[in-house]
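S.K.: One-letter residues, chain by chain:
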Amino acid sequence: MALAFLGVLGIYSAAAPGSSGIFVRQFFWIILGVGVCLIVASVDYHLLVDHGLQFYLCSLGLLGGLLLFGTEINGSKSWIVLGDVQFQPSEIVKLAVILALAQYLGQVSRNRLTWQHYARLSAMILSPIVLIVLQGDLGTALMYLPILAGMTLLITGLRKKLLLGMLVFSLVVAPLTWMALKDYQKQRILVTLDPDLDPQGIGYQTRQSQIAIGSGGLLGKGIGQGLQSKLGFVPEVHTDFIFALLAEEVGFVGASIILMLYLLVLMRLIHIAETARDRVGILVVTGVASLIFFHVVVNVGMTLGILPAIGIPLPLLSYGGSSTLTTFAALGLALSVFQRRFVY
Amino acid sequence: MPIFQDNRKLVSRLGWVRALFAISFFLFFIQLWFLSVLNHEHYRQLAEQNRIRTFPQIAPRGLIYDREGRVLVDNVFEFNLLLFREEEHRLEEAVQFLKNGLNLDAELIKEISRKSAGYDRYQPVVIKEDLSMEEVAYLLAHQPEHPELGIVKQPRRLYRYGNLAAHVLGYVGEISLEQLQQPNFAQNKPSDLVGQYGVERSHNQALTGIDGLRRVLVDSRGRNLSDVENVAPIIGKPLQMTIDLDLQEIAEAGLGNDTGAIVAFDARTGEIMAMASRPTFDPNQFARSLSPEEWEDLIDHPESPLQNRVFQNAFSPGSVFKIIMALAGLERSVINASSVVRCTGEATFYNRRFGCWHEAGHGKIALREAIQHSCNIYFYNLGQKLGIQDIEIFSRRIGLGMKTGINLLGEVPGLVPSEKWKRRARGEPWYPGETISVAIGQGPLLATPLQLARAISIIATGRVPLLHLVKTTPDSPKDAMPFVLPVDFASENLEQIREAMWSVVNDGGTGQAAQVANFEVCGKTGTAQTISRAVREELSEDSAKRFEPNAWFVGFAPRNDPEIVVAVIVQRGGTGGGSAARIAGEMFEGYYKKHRTSVSGSIVAFTQDEADKIL
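In the order they appear, the protein sequences are chains A and B.
The first sequence: position 30 = 30 (the working numbering), numbered continuously.
The second sequence: position 467 = 467 (the working numbering), numbered continuously.
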């Protein structure tokens with residue numbers, strides 16, 4: 001429960017600096033999210049996990065359908081528009097994937113994985129990835145990998161063979177992906193290494209984000225005073241770069257507190273994982289933790305300029321119904337596990 | 001679900017996960033610290049530069065007035081288009097946009113941005129001046145798409161009377177690279193307008209105001225949100241000239257399309273009341289950046305419109321020089337009032353024939369008549385008697401051969417020939433035959449209209465005028481330079497010459513065209529040959545026209561207690577008694593009407609009859 005509370009706190013302050021219209025909306029999503037969280041928490045997670053495969057297949061179907069019927073926003077065909085509301089299924093699908101993976105891996109009794117397992121796992125993870133990449137949203141697609149990694153590694157541990165395999169894999173795949181990357185994506189990576197490479201073009205986002213954060217100073221400029229962000233110098237400031245806005249307004253101190261909150265949430269999740277009653281439970285929670293962790297890492301890293309800019313929202317803080325609901329649902333799952341840790 | 005699951009290993013790995021989380025976040029903290037605290041100042045500045053735009057507020061230059069406070073040079077405000085160059089990648093879009101909307105040549109814009117590459121990056125560049133209201137509306141409508149453009153109100157110099165007194169007033173232009181290096185321009189930046197010519201230049205320091213600035217908060221679309229700082233510009237100091245607008249207009253009209261120069265000043269104070277030169281130019285052309293073609297037109301013009309012929313060109317004075325000859329002769333007691341010479345229309349000196357313009361000859365002639373009718377023979381004789389050395393001495397004593405020191409650029413000293421000069425300049429000795437030519441103001445002798453005017457002024461008043469263009473106030477620097485030679489000619493000699501000059505105009509002499517009723521104008525005409533008559537006779541009529549002699553008239557009025565001195569030269573104007581004298585007469589008349597017939601302040605006297613009629 002503490003989890004949810006922390007989360008809510010986070011969002012509340014996030015939406016405030018923005019313009020009022022968005023605030024109201026996001027608030028709505030938050031309320032809804034809390035509701036969802038509670039509902040999910042009350043359900044026995046086993047139920048959900050057992051149907052993991054079904055969920056998974058449905059999601060694939062959904063993603064496929066998007067390709068055909070989806071609405072294109074910002075260059076990626078990942079949205080469903082229902083009247084006033086925009087909906088991004090690729091977020092929800094993450095949950096399905098967690099459930100499906102949990103279901104599958106939960107059946108592995110030993111702590112080793114065979115080639116068969118790996119093959120299946122690859123297939124399971126690649127399908128949604130490919131579909132999402134086809135939609136044009138590379139960033140979200142990338143997020144699936146860590147989820148897989150997190151959950152799998154837990155089981156297998158860092159074995160030499162595995163490490164080697166991963167190394168080989170990266171070495172092989174990296175140059176391929178490099179070539180496959182679109183130009184602007186390549187630029188983004190280059191710019192992370194040398195921010196002054198092209199301050200006006202590709203590096204603009206990161207640079208402006210850093211300027212906003214840096215100008216926040218120790219204590220920040222005050223809520224509502226984040227001029228860099230407010231005046232439009234930081235792009236995507238309500239969604240992907242919201243951390244920059246926060247840092248500008250509440251300064252180092254405030255931003256650190258926010259980071260601490262996330263850390264707390266994550267630690268709490270781990271604790272839940274430690275006290276879960278069965279393997280499936282552990283896996284689910286680990287999946288949720290990976291989900292949140294990697295989102296936070298990538299987003300904050302990108303805002304700070306450590307990582308190249310990838311379009312990933314900051315869970316619970318960025319404006320966006322799909323992301324918020326998904327996160328809340330994920331937290332709900334974890335809560336569900338926690339609740340049932342003693343039931344035998 | 002398997003019954004037994006060994007999850008211990010899993011759980012232990014969770015410990016690693018915690019560690020992973022902690023480390024990652026720690027890294028974030030470090031980076032955050034780095035940005036927010038360590039480099040805070042750096043980013044704060046960048047943030048400011050992002051969102052605060054500095055609009056220059058150029059100070060208008062001080063106004064320039066004539067002697068009676070009428071505005072000659074003013075400022076008007078116009079809307080100019082600025083390009084902010086902080087974000088270079090927007091330039092291409094801007095160029096395209098401007099080309100479509102404002103019909104601006106894309107090349108011009110590129111050239112401007114190239115030229116301004118050396119400026120400070122945060123200094124905006126003016127792309128187009130004097131936008132019309134439609135253009136302003138168009139630009140404002142599209143402002144959000146083009147935050148790199150801005151509109152600003154800036155002053156432009158306006159020369160109210162077009163080309164009137166253009167050479168005196170001068171013009172302003174963009175500061176050159178060389179000028180920027182000079183210490184007195186240390187405060188200037190590129191693209192500043194500074195006075196380049198005339199009084200605008202010589203008094204640039206006083207006329208230049210102090211620029212202000214306006215710092216505005218803008219959003220990423222370039223919209224002005226609020227003023228952060230507003231420093232009002234301070235207008236430059238005003239300048240009051242000694243020029244009289246009315247007389248100047250008469251001078252300008254008098255010259256019309258002829259090539260030449262006129263200068264008129266107050267003999268008592270040295271205040272220059274009119275100074276005109278033809279051909280001329282319109283300084284308003286310069287107030288806006290001149291196109292290369294326009295500039296070339298001015299530079300390559302065969303008659304050099306940018307030259308002020310009043311003191312930047314020296315000419316043969318012709319018969320006007322006879323006045324100075326007469327003074328020299330009297331002072332040296334080589335002649336007196338009754339010395340007589342016989343003029344038969346020509347004479348022979350040193351085996352050469354020299355003629356008088358009056359081919360029939362003047363008969364027996366003394367000094368007064370010689371001046372009155374401008375007899376060459378008389379002065380040939382005088383020249384022979386005096387010798388070139390004395391001629392040189394007196395020429396210099398009356399100010400020829402040296403600058404007047406007037407506070408404008410480009411004055412030339414003219415030329416007073418001598419033995420020494422000839423040897424140095426031409427490597428030959430002086431031939432006495434040349435003295436004969438010099439005696440009537442021909443030969444290598446050269447003088448500017450300003451020098452001749454000053455010389456006549458000395459003769460008229462016995463004092464040296466301190467020539468200046470700007471009214472001396474406690475604030476402004478004194479414009480005149482002191483005259484260093486002794487002026488102590490015998491007053492009876494001066495009086496004799498004045499009498500003779502009076503007769504030139506008022507007693508049937510060569511200068512009758514300069515006569516003004518009730519105003520005793522005294523003067524001397526001059527008809528300066530530019531090529532020898534022999535050569536001219538051989539030319540075709542068309543060519544001959546190009547070598548018509550220069551017409552001179554130099555004079556003062558009134559005869560007693562002279563007030564105004566006027567010098568006129570009309571190049572290729574024919575005889576001095578013709579065009580030059582007539583124009584001078586108009587000047588004198590204008591002065592007379594203005595200063596001697598004013599109704600205000602004078603008592604209107606009615607005759608008895610008139611008074612009865614009224615009552």
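In case anyone wonders, no lab produced these hints; they're calculated from the structure.
Be aware that one or more of the hints could be misleading.
[Stated by the list, open to error] Which stretches of chain A does chain B cover? Using the computed rule of at least three CB atoms under 8 angstroms from a CB of chain B, they are: (1) 92-100; (2) 265-276; (3) 320-330.
[As the list claims (entries may be wrong)] Pair ranges (Cβ atoms, derived): (4) B:Q123 / A:V253: 36 to 46 angstroms; (5) B:A22 / A:V253: 51 to 61 angstroms; (6) B:Q96 / A:H271: 37 to 47 angstroms; (7) A:V253 / B:I52: 51 to 61 angstroms; (8) B:D227 / A:V253: 47 to 57 angstroms.
[Said to hold, decoys possible] Partner residues aside, some chain B positions facing chain A, computed with beta carbon under 7 angstroms: (9) V17; (10) V37; (11) L38; (12) N39; (13) H40; (14) R44; (15) Q123; (16) V136; (17) A137; (18) Y161.
Every residue, glycine too, gets a C-beta built ideally from N, C-alpha and C.
S.K.: Would you mind marking each hint as holding or not holding in the structure?
M.R.: Okay, the hints, checked on the actual structure:
Coverage of the region 92-100 of chain A by chain B is violated in this model, with 0 residues showing a Cβ closer than 8 angstroms to a Cβ of that chain against a need of three. Interface restraint, the region 265-276 of chain A with chain B: holds (5 residues with C-beta to C-beta distance below 8 angstroms; minimum three). Under a criterion of three residues with beta carbons nearer than 8 angstroms to beta carbons of chain B, the stated coverage of the region 320-330 of chain A fails, only 0 such residues being counted. The given range of 36 to 46 angstroms is respected by B:Q123 and A:V253, whose C-beta atoms sit roughly 38 angstroms from each other.
Separation of B:A22 from A:V253 is about 20 angstroms and departs from the stated range, judged on CB atoms against 51 to 61 angstroms. As the Cβ distance of B:Q96 to A:H271 is approximately 60 angstroms, the hint placing it in 37 to 47 angstroms is violated. For the pair A:V253 and B:I52, the beta carbons lie near 26 angstroms from each other, so the given range of 51 to 61 angstroms is not met. Between B:D227 and A:V253 the beta carbon distance is about 32 angstroms. The supplied range of 47 to 57 angstroms is therefore violated.
Satisfaction of the interface hint for B:V17 is found here, the shortest Cβ-Cβ separation to chain A being roughly 6 angstroms, below the 7 angstroms cut-off. Restraint check, B:V37 versus chain A: the minimum CB separation of about 5 angstroms is within 7 angstroms; hint holds. Violation of the interface hint for B:L38 is found here, the shortest Cβ-Cβ separation to chain A being roughly 9 angstroms, above the 7 angstroms cut-off. The beta carbon of B:N39 comes within 6 angstroms of a beta carbon in chain A, closer than 7 angstroms, and the hint placing it at the interface holds.
At its closest, the beta carbon of B:H40 sits 5 angstroms from a beta carbon of chain A; the interface hint therefore holds under the 7 angstroms criterion. Of the supplied interface hints, the one on B:R44 holds, with its beta-carbon coming within about 5 angstroms of a beta-carbon of chain A, less than 7 angstroms. Hint status for B:Q123 relative to chain A: violated, with the closest Cβ pair at about 18 angstroms, above 7 angstroms. For B:V136, the shortest C-beta to C-beta distance to chain A is roughly 24 angstroms, which exceeds 7 angstroms, and the interface hint is violated.
With its C-beta approaching chain A no nearer than about 24 angstroms, B:A137 sits outside the 7 angstroms limit, and its interface hint is violated. Given the 7 angstroms rule on beta carbons, the hint for B:Y161 is violated: about 49 angstroms separates it from the nearest Cβ of chain A.
Of the hints listed earlier, those the structure fails to meet are numbers 1, 3, 5, 6, 7, 8, 11, 15, 16, 17, 18, in rising order.
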